[in-house]
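Please model the entire structure based on the sequences and the hints provided.
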Amino acid sequence: MDPASARVPVQRDRTDLRDLGAVEDLISQRYVNHRPRMSGGSRELVFRSRAAWAAGVTVDRMTYGASVSIRADPFDAILLIGMIDGRFELTARGEHGRAGPGDSLLYPLGVPLGISVDHMKSAITQLPAEVVTRLAGRLGVEAGEFRLDGMEPVSPAMNRHWHATAALVARSFEGPQPAVEHPLILAGVLEAAAAAVLAVFPNSTMRVDYTGTGAVAPAAVRRAVAYIDANAGRPVTIEEIAAASGVKARGLQAAFARHRGTSPTGYLRRVRMERAHRDLQNGNRTGGDTVAEIARRWGFAAPGRFAVEYRRIFGRSPGETLGI
36 MDPASARVPV QRDRTDLRDL GAVEDLISQR YVNHRPRMSG GSRELVFRSR AAWAAGVTVD
96 RMTYGASVSI RADPFDAILL IGMIDGRFEL TARGEHGRAG PGDSLLYPLG VPLGISVDHM
156 KSAITQLPAE VVTRLAGRLG VEAGEFRLDG MEPVSPAMNR HWHATAALVA RSFEGPQPAV
216 EHPLILAGVL EAAAAAVLAV FPNSTMRVDY TGTGAVAPAA VRRAVAYIDA NAGRPVTIEE
276 IAAASGVKAR GLQAAFARHR GTSPTGYLRR VRMERAHRDL QNGNRTGGDT VAEIARRWGF
336 AAPGRFAVEY RRIFGRSPGE TLGI
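In the working numbering, the protein residues as written are 36 to 359.
Since the hints were made in silico from the structure, they are not lab data.
Be a bit skeptical, because a hint or two may be false.
With beta-carbon atoms standing in for the labels, derived distance ranges [said to hold, decoys possible]:
(1) 347 <-> 278: 26 to 34 Å
(2) 241 <-> 52: 50 to 58 Å
(3) 354 <-> 70: 51 to 59 Å
(4) 50 <-> 128: 30 to 38 Å
(5) 320 <-> 192: 41 to 49 Å
(6) 317 <-> 347: 15 to 23 Å
(7) 120 <-> 305: 42 to 50 Å
None of these values were measured; they are calculated from a predicted model.
Beta carbons are placed, not taken as given, at the ideal position from N, Cα and C, and that holds for glycine.
Structure below.
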């Protein structure tokens, strides 16, 4: 499959409001039903949202220029807030989280929330819950057993890691032709964000004992290689590759490391690099082909990193191959 023809629709919204009822309507439509009220002596509201979303992923630079108390219905998506300025407090199930500039918090799933904001500027990231639970399953925790156990990062270093990941996700939505329009890049962004959630915030995968994955025959690795070769032009997950190979994801990862010295995703990345190399060889720069567009076509969102990896593999720059 040639990924060039596929595009993921990206929507954007820029909103400035001063009416609390209008804010309630906007947030209820975009996230969940919620009931805000002015608090702390605030009389005037300045609300600003700069949002973009695609395929269940939302990034939103949100500002509340007032003190507001909110009662929110339960979330069924993963929502995280990275604080830029002001104060934010979150209460759920008797737990209380507090965040100031530079902090981050994870909204609990499936429970009503009490929220308090005080002149807050924040970067919000929302992900489909199934993306995180699917990755947790790959790590040995079935969907029915997976739990998010806390609102706050496990350490200051992991808090910084979340902020870096959220910035990466937000950058993928920037520009007139955002990187997440490309299905392969969107899949990579989702994978990176889900992995960061599981690394940064307390959850069931942190209690898994990773002993022994069982033997996987070389034939299963060959089936996986054939499946990757045939499907490299579309978003594929390790679970899908493993199912096509007739084995579990963890076992396939161990078998790839043993028989091929890489991982299934590492092999997939190399195949996509080879396909990008082919397109560069066959490209026509006078007809509008560019290195950045070909790189994105095959899931490489950052042209600079693509160029470094390309040179390491092929011994020349992608621009030289295209004939620039």
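Here is what the structure says about each hint:
Distance hint check: the CB atoms of residue 347 and residue 278 are about 32 Å apart, consistent with the given range 26 to 34 Å. The supplied range of 50 to 58 Å is broken by residue 241 and residue 52, whose beta-carbon atoms lie about 40 Å from each other. Between residue 354 and residue 70 the beta carbons are some 55 Å apart, a value that agrees with the proposed interval 51 to 59 Å. For the hinted restraint 30 to 38 Å between residue 50 and residue 128, the CB-CB distance of approximately 31 Å keeps it satisfied.
About 44 Å separates the C-beta atoms of residue 320 and residue 192, a value consistent with the hinted range of 41 to 49 Å. Between residue 317 and residue 347 the C-beta distance comes to about 22 Å, which sits within the given range of 15 to 23 Å. Taking 42 to 50 Å as the suggested C-beta distance range, the pair residue 120 and residue 305 conforms, at roughly 43 Å.
Hint compliance for this structure: hint 2 is the single one not met.
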